[in-house]
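Participant: Sequences and hints are given; from them, build the entire structure.
Number of protein chains: 2
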Amino acid sequence: MNFIEKYLKAAQKNNSLVCIGLDSDLNKIPKLLSKSRDTLFEFNKKIIDATVDLVCAYKPNMAFYEVGGSAGITSLKKTIQYIPNHIPVILDAKRGDIGNTNKMYAKEIFEYFGTDATTVSPYLGEDSIAPFAEYQDKLTFVLCLTSNPGAKDFQLLEVEEKPSINKEGKPLYKVVAQKVKDWNKNNNLGLVVGATFPEQLKEIREMVEDMPILIPGVGAQGGDLEKVVQYGTDKNGKMAIINSSREIIFASAEKDFDQKAREKALLLRDNINQALKQK
Amino acid sequence: MNFIEKYLKAAQKNNSLVCIGLDSDLNKIPKLLSKSRDTLFEFNKKIIDATVDLVCAYKPNMAFYEVGGSAGITSLKKTIQYIPNHIPVILDAKRGDIGNTNKMYAKEIFEYFGTDATTVSPYLGEDSIAPFAEYQDKLTFVLCLTSNPGAKDFQLLEVEEKPSINKEGKPLYKVVAQKVKDWNKNNNLGLVVGATFPEQLKEIREMVEDMPILIPGVGAQGGDLEKVVQYGTDKNGKMAIINSSREIIFASAEKDFDQKAREKALLLRDNINQALKQK
Numbered sequence: 001m002n003f004i005e006k007y008l009k010a011a012q013k014n015n016s017l018v019c020i021g022l023d024s025d026l027n028k029i030p031k032l033l034s035k036s037r038d039t040l041f042e043f044n045k046k047i048i049d050a051t052v053d054l055v056c057a058y059k060p061n062m063a064f065y066e067v068g069g070s071a072g073i074t075s076l077k078k079t080i081q082y083i084p085n086h087i088p089v090i091l092d093a094k095r096g097d098i099g100n101t102n103k104m105y106a107k108e109i110f111e112y113f114g115t116d117a118t119t120v121s122p123y124l125g126e127d128s129i130a131p132f133a134e135y136q137d138k139l140t141f142v143l144c145l146t147s148n149p150g151a152k153d154f155q156l157l158e159v160e161e162k163p164s165i166n167k168e169g170k171p172l173y174k175v176v177a178q179k180v181k182d183w184n185k186n187n188n189l190g191l192v193v194g195a196t197f198p199e200q201l202k203e204i205r206e207m208v209e210d211m212p213i214l215i216p217g218v219g220a221q222g223g224d225l226e227k228v229v230q231y232g233t234d235k236n237g238k239m240a241i242i243n244s245s246r247e248i249i250f251a252s253a254e255k256d257f258d259q260k261a262r263e264k265a266l267l268l269r270d271n272i273n274q275a276l277k278q279k
Numbered sequence: 001m002n003f004i005e006k007y008l009k010a011a012q013k014n015n016s017l018v019c020i021g022l023d024s025d026l027n028k029i030p031k032l033l034s035k036s037r038d039t040l041f042e043f044n045k046k047i048i049d050a051t052v053d054l055v056c057a058y059k060p061n062m063a064f065y066e067v068g069g070s071a072g073i074t075s076l077k078k079t080i081q082y083i084p085n086h087i088p089v090i091l092d093a094k095r096g097d098i099g100n101t102n103k104m105y106a107k108e109i110f111e112y113f114g115t116d117a118t119t120v121s122p123y124l125g126e127d128s129i130a131p132f133a134e135y136q137d138k139l140t141f142v143l144c145l146t147s148n149p150g151a152k153d154f155q156l157l158e159v160e161e162k163p164s165i166n167k168e169g170k171p172l173y174k175v176v177a178q179k180v181k182d183w184n185k186n187n188n189l190g191l192v193v194g195a196t197f198p199e200q201l202k203e204i205r206e207m208v209e210d211m212p213i214l215i216p217g218v219g220a221q222g223g224d225l226e227k228v229v230q231y232g233t234d235k236n237g238k239m240a241i242i243n244s245s246r247e248i249i250f251a252s253a254e255k256d257f258d259q260k261a262r263e264k265a266l267l268l269r270d271n272i273n274q275a276l277k278q279k
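Residue numbers (the numbering used here), protein chains in the order written: chain A, 1 to 279; chain B, 1 to 279.
Treat each hint with caution, since some may be false.
[To be verified] Derived lysine-lysine pairs resembling DSS-like cross-links, with alpha carbons at most 27 Å apart: (1) LYS78/A with LYS107/B; (2) LYS185/A with LYS152/B; (3) LYS45/B with LYS77/B; (4) LYS107/B with LYS103/A; (5) LYS28/A with LYS45/A; (6) LYS107/B with LYS45/A; (7) LYS103/A with LYS35/B; (8) LYS152/B with LYS107/A; (9) LYS77/B with LYS35/B; (10) LYS107/B with LYS31/A; (11) LYS103/B with LYS107/A; (12) LYS179/B with LYS238/B; (13) LYS28/B with LYS103/A; (14) LYS170/B with LYS181/A; (15) LYS181/B with LYS170/A; (16) LYS103/A with LYS77/A; (17) LYS260/B with LYS35/B; (18) LYS77/A with LYS78/B; (19) LYS45/A with LYS103/B; (20) LYS107/A with LYS170/B; (21) LYS9/A with LYS181/A; (22) LYS103/A with LYS78/A; (23) LYS31/A with LYS103/B; (24) LYS103/B with LYS28/A.
No wet-lab data here; the hints were simulated from the structure.
Facilitator: Spelled out as structure tokens, the structure:
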């Protein structure tokens with residue numbers, strides 16, 4: 001089953017567009033787990049057990065495992081294996097190197113870790129994305145417009161293409177969105193668009209139609225959640241993967257951390273579904 | 001000692017601007033090493049032993065180690081520890097995530113692996129680069145203009161900044177170069193500029209003065225090496241780190257692979273020094 005099929009089935013079964021980001025920072029994991037032989041894995045296991053019927057995907061973030069060296073890599077691999085096969089795993093790695101090197105990253109992410117999807121940087125262009133796109137059943141989300149302040153430094157700059165297809169210029173992230181759409185021959189590319197830019201999300205969704213969009217940056221406040229859901233989903237109210245990490249997994253530092261995580265995930269799922277009804 | 005001091009000392013001692021890229025692809029390593037307990041490390045050890053008096057830096061590429069999972073991470077750590085302390089190590093990782101995540105990558109690269117420098121992607125802007133730049137003694141090379149065909153997809157697009165400081169627009173890679181120069185408060189940022197763009201390298205060098213530039217993509221042919229050296233070095237004939245990977249480390253698949261690697265490195269060093277004389 002390819003990523004899109006797996007995602008749609010999980011979203012249907014769990015009635016959910018929620019993706020939980022496993023940004024499992026050792027410094028924030030409840031102290032009661034600190035004596036485990038594999039704290040990262042034990043923490044993730046509890047979070048997964050408590051939320052597996054509420055999500056359409058999990059998204060472990062490589063950085064939080066890599067920082068632990070080879071032991072961290074082992075915890076990550078165990079976590080990915082622990083996630084039930086019917087829930088897709090997006091390994092958030094944001095790699096971006098020349099083709100020869102990205103071939104190795106793609107092999108690591110899709111073969112060694114056996115995940116269903118990943119995130120990549122667009123900066124090196126088409127031949128850098130190709131080694132990921134060659135895995136036809138896997139989905140590759142290309143960074144388009146990120147949720148952080150630095151998005152303004154380059155992504156929002158006006159770009160003029162030569163030969164110009166748009167005399168007025170358009171921001172870089174839109175050029176990225178358009179090119180990724182053009183490159184999407186295998187129907188296995190997607191975009192990452194931060195929840196902090198709802199108006200731009202609307203334009204991107206119109207541009208890429210039913211391409212999957214991974215949307216991080218939904219805050220504890222949930223301020224713009226309604227807009228994010230209405231603008232970020234496709235015409236069928238699908239194809240958005242709405243990620244929340246810290247607000248869910250670190251909802252409590254006490255013994256009940258997994259139940260608190262469940263409550264947060266449930267709330268997010270219900271708020272999303274509420275917003276979908278109004279679409 | 002910070003990266004720049006260490007690099008200058010190594011370059012002086014070995015009379016060399018050569019950086020050897022340890023892109024140690026298991027599929028290309030001589031078969032005679034395939035029965036080692038740690039093939040990647042044994043291969044690197046031999047390459048380092050044969051070339052340590054000919055380089056200004058080594059640059060292991062993370063992808064080729066990560067693909068081996070936790071065992072690969074161990075090989076990489078052993079390799080980095082094996083490189084003598086007077087030769088700087090640039091860990092080529094090209095990471096690029098939001099600040100919170102890049103903090104973990106910076107910790108991994110500079111603390112867990114204990115390297116002197118790394119490479120990062122600019123796409124997420126200033127706050128994504130900050131966690132690396134906070135390590136004042138370490139050098140962070142920001143991707144500017146890469147050597148691959150996909151460089152044209154985004155890096156070469158004309159950008160118009162608003163409020164415009166350049167009414168005529170300029171290519172994205174130049175905006176990146178200018179911003180990195182502006183952000184270089186700690187004098188610990190650099191750029192990556194591919195050897196395949198010598199004319200652009202000249203402009204970038206003029207723009208950033210004596211900022212370190214890491215230059216990959218010097219081919220077996222060595223076609224543009226003369227221009228790369230003359231345009232890429234600063235006014236003192238320094239601050240360029242000229243990288244060659246596959247052409248050196250895979251010069252032979254036979255028992256003499258390390259000596260063949262030495263010959264290639266020696267040739268590159270001498271050709272660079274020849275070109276420097278004509279500067």
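Participant: All the hints need checking, so say for each whether the structure fits it.
Facilitator: Against the structure, the hints come out as follows:
Distance check on the hinted pair: LYS78/A and LYS107/B sit about 23 Å apart at the alpha-carbon level, within 27 Å; holds. A distance of roughly 20 Å separates the Cα atoms of LYS185/A and LYS152/B; the hinted pair therefore holds under the 27 Å criterion. About 12 Å separates the Cα atoms of LYS45/B and LYS77/B, which keeps this hinted pair within 27 Å; it holds. For the proposed pair LYS107/B and LYS103/A, the alpha carbon gap of about 25 Å is at most 27 Å, so the pair holds.
A C-alpha spacing of about 16 Å is found between LYS28/A and LYS45/A, which places the hinted pair at or below 27 Å, so the restraint holds. Only pairs whose Cα atoms come within 27 Å are accepted, and LYS107/B paired with LYS45/A is accepted, the gap being roughly 25 Å. This hinted pair checks out: LYS103/A and LYS35/B have alpha carbons roughly 25 Å apart, not beyond 27 Å. For the proposed pair LYS152/B and LYS107/A, the alpha carbon gap of about 25 Å is at most 27 Å, so the pair holds.
Straight-line distance between C-alpha atoms of LYS77/B and LYS35/B comes to about 20 Å, which keeps the hinted pair within the 27 Å bound. Distance hint between LYS107/B and LYS31/A is fulfilled; the C-alpha atoms sit about 21 Å from each other, no more than 27 Å. For the suggested pair LYS103/B and LYS107/A, the alpha carbons sit about 25 Å apart, so the restraint of at most 27 Å is met. Note on LYS179/B and LYS238/B: the hinted pairing holds, with a Cα-Cα distance of about 22 Å set against a maximum of 27 Å.
With a C-alpha separation of about 14 Å, the suggested pair LYS28/B and LYS103/A falls inside the 27 Å cut-off, and the hint holds. With a C-alpha separation of about 25 Å, the suggested pair LYS170/B and LYS181/A falls inside the 27 Å cut-off, and the hint holds. In summary, the hint linking LYS181/B to LYS170/A is supported, as the alpha carbons are separated by about 25 Å, within the 27 Å threshold. For the hint linking LYS103/A to LYS77/A, the alpha-carbon distance of about 20 Å falls within 27 Å, and the restraint holds.
Among the hinted pairs, LYS260/B with LYS35/B is consistent with the structure: their alpha-carbon atoms are about 21 Å apart, no more than 27 Å. For the given pair, LYS77/A sits about 22 Å from LYS78/B by alpha-carbon distance, which is consistent with the 27 Å threshold. Taking the CA atoms of LYS45/A and LYS103/B, the gap is about 25 Å. The hint holds against a cut of 27 Å. Under the criterion of a C-alpha separation no larger than 27 Å, the hint pairing LYS107/A with LYS170/B is inconsistent with the structure, at around 36 Å.
With a C-alpha separation of about 24 Å, the suggested pair LYS9/A and LYS181/A falls inside the 27 Å cut-off, and the hint holds. Annotation: proposed proximity of LYS103/A to LYS78/A holds, straight-line Cα distance about 23 Å (limit 27 Å). A hinted pair counts as satisfied when its Cα atoms are at most 27 Å apart, and LYS31/A with LYS103/B qualifies at roughly 22 Å. Among the hinted pairs, LYS103/B with LYS28/A is consistent with the structure: their alpha-carbon atoms are about 14 Å apart, no more than 27 Å.
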